[in-house]
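**Student:** Turn these sequences into a full structure, and let the hints steer you where they fit.
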Amino acid sequence: MTLLEVQDLTTEFRTEDGIVRAVDGVSFHVVRGETLGLVGESGSGKSVTSLCIMRLLQGTSARTTRGRILFEGEDLLKKDESGMRHIRGNQISMIFQEPMTSLNPVLTVGFQIIEALKIHEGLTDAEASEKAVELLRMVGIPSPDRRVKEFPHRLSGGMRQRVMIAMALSCSPKLLIADEPTTALDVTVQAQILDLMRRLKIELGMSILLITHDLGVIAGMAHRVAVMYAGQIVEVASADDIFNAPLHPYTEGLLYSIPTLDTPRGKLHVIEGTVPDPIHMPPGCRFHPRCAEASPRCRLQMPHLIHLGDRSVACLKYANGGTGEASAQ
Amino acid sequence: MRAIEPTRSAVDEAAAPERQRFKVWRRLMRNPSGVAGMVIMGIFLLVAVAGPYLVKADPAAQDLPLRLQGPSSAHPFGTDQLGRDILTRVVYGTRISVQVGALVLFVAVTIGVPLGAIAGYTGGWVDEVIMRITDIFLSFPSIVLAMAISVVLGKGIYNAMLAVGLVWWPWYTRLVRGQILSLKQSDFIRAVESQGLSPFRIVWHHLLPNTLATITVQASLDVGYAILATAGLSFIGLGAQPPTPELGSMVAEGRQYLTTSWWVPMLPGLAIFFTVMGVNLFGDALRDAMDPREIGR
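The listed protein sequences derive, respectively, from chains U and E.
For the first sequence, the working numbering gives the first residue as 1, with consecutive numbering after it.
For the second sequence, the working numbering gives the first residue as 1001, with consecutive numbering after it.
Please note that a few of the clues may not be correct.
[Unchecked claim] So these bits of chain U aren't anywhere near chain E, every CB distance computed over 12 Å:
1. D17
2. T64
3. K78
4. N104
5. P152
6. V187
7. Q190
8. L196
9. E203
10. G216
11. E293
[As the list claims (entries may be wrong)] Per the computed footprint, the stretches of chain E lying under chain U, defined by three or more beta-carbons under 8 Å from a beta-carbon of chain U, are:
12. 1104-1115
13. 1181-1188
The set of hints was computed from the structure by calculation and includes no laboratory data.
Even for Gly, the Cβ is constructed at its ideal location relative to N, Cα and C.
**Tutor:** This is the structure in structure tokens:
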């Protein structure tokens, strides 16, 4: 039932100041039909992970040094470029953060939608145009037969994101990677787009890998959640468990920093400190400089994901069969 | 409400694609030097197309007894050292100049644009090789290189055009490569890459249309220089051969009469001057009108 399985993925960027390991030993899987939320702060490696899955990092200084990306049992990292082109847009699609700049300004909306249809489904121009109208109708764009002939500058941000979704779903992919799909939109439009994604996911029976830093979006969409910090996965659990009983101190901190209606007015809670410099990662647990529960051992030993029932966490607190290391001090 | 809604958006709809073009046109018409350039260019294009109907004479017909006659009603531009009617020759020369502008740019754009696109999009060693060849071409003074190439190709006006085109393409390679380099970082290119489009489709369907405005403006600015360079080759005897009525060679052949019969070199020279100036004024105005930062206003 597993659609996508990422194992021990490690991707490095060569920079002038040294090697930046943006993704460090990341493992997770996406089951058919589920939505997995990938949460983390900016720079935690979420987007690089998604671009790795699509193999869209060629032409940059990025190099995937370790790991496997199994999609329906096949390792995408071993595929050649033409094999990957057959996967992209056809089996795995992607929508991006910036709907305002993700459409080509000099081409009509229709032209941009039919490109993928012609390649992957072998449709003729006429068939593809017809399907483009249908797709625009499916994503809730009014008078789609006219909109296909328009240029993107005539559409609002929300409409453009709908067009992007139509493009991404044109070939009925099995997996949709949504990289911060609603971050650039205002709140009412956000809700509409998320609604649309939820509806289409059920209609088309696809899986979604939802990348975001917005826990509100995760709460409404995801079945399971993987939390990333400084290039590593620190906790994976069902959405209920993440929100009701977080294990990792970082997850706790993230949840605690969301203001709720019953929080008393005053200062917002923040996680002290900042994300570590990717070239000089702290030894041991990468979160220890900001962790209230850090013990001396956290400075020396890097925690690995350990499985506790159907969830997993990378924290030394739980390293000895659940005995809190910090409390043992 | 319901009845009005579709009508209004249908009107908007029809206006949408034209609006951008219309805006460029309106901005062009607001610029006096652009209008002047267009008028001059229009006159020359008209002369080039309708030339054989405007002047009946054969541009090579000699009338030795009537050598070096000053402008008169029979010969408004006078006659040259072989008694040929200079107006007729200028009209035919204009036809050649228009061909020169078109052919030189055709050669330069056909070679330069694809190379620039390949270099910019592919990157790596392909980019290195293409750009170093470009550098070699650009490191020679272009007129010297054009001379060398037209010597190799042999004399004649078409070879001269080809020679100028062959030294001109590196500018387009550089221009297009730079554009592609910045465009390929854009979100919409990442989006089409994530759809599994082939590099050829990405470059041809998605990147090049975005560079079209820049290429058009550059080409319109270059037409004048192309005419000038080809006239220069003819002037030093490498381009058009007698009795071809090419403006540059007419200036060259007539220059010894400058002090005694000024009209022989001067009038073809002025024809070159006005053509080039018209094209350049138009090109400058077009560049201003198509500037994307200005268009939104």
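**Student:** Each hint needs a verdict: does it hold in this structure or not?
**Tutor:** Outcome of the hint check:
no., hint, in the structure
1, D17, "holds, 21 Å"
2, T64, "holds, 17 Å"
3, K78, "holds, 17 Å"
4, N104, "violated, 4 Å"
5, P152, "violated, 9 Å"
6, V187, "holds, 22 Å"
7, Q190, "holds, 19 Å"
8, L196, "holds, 18 Å"
9, E203, "holds, 21 Å"
10, G216, "holds, 24 Å"
11, E293, "holds, 40 Å"
12, 1104-1115, "violated (count 0)"
13, 1181-1188, "holds (count 3)"
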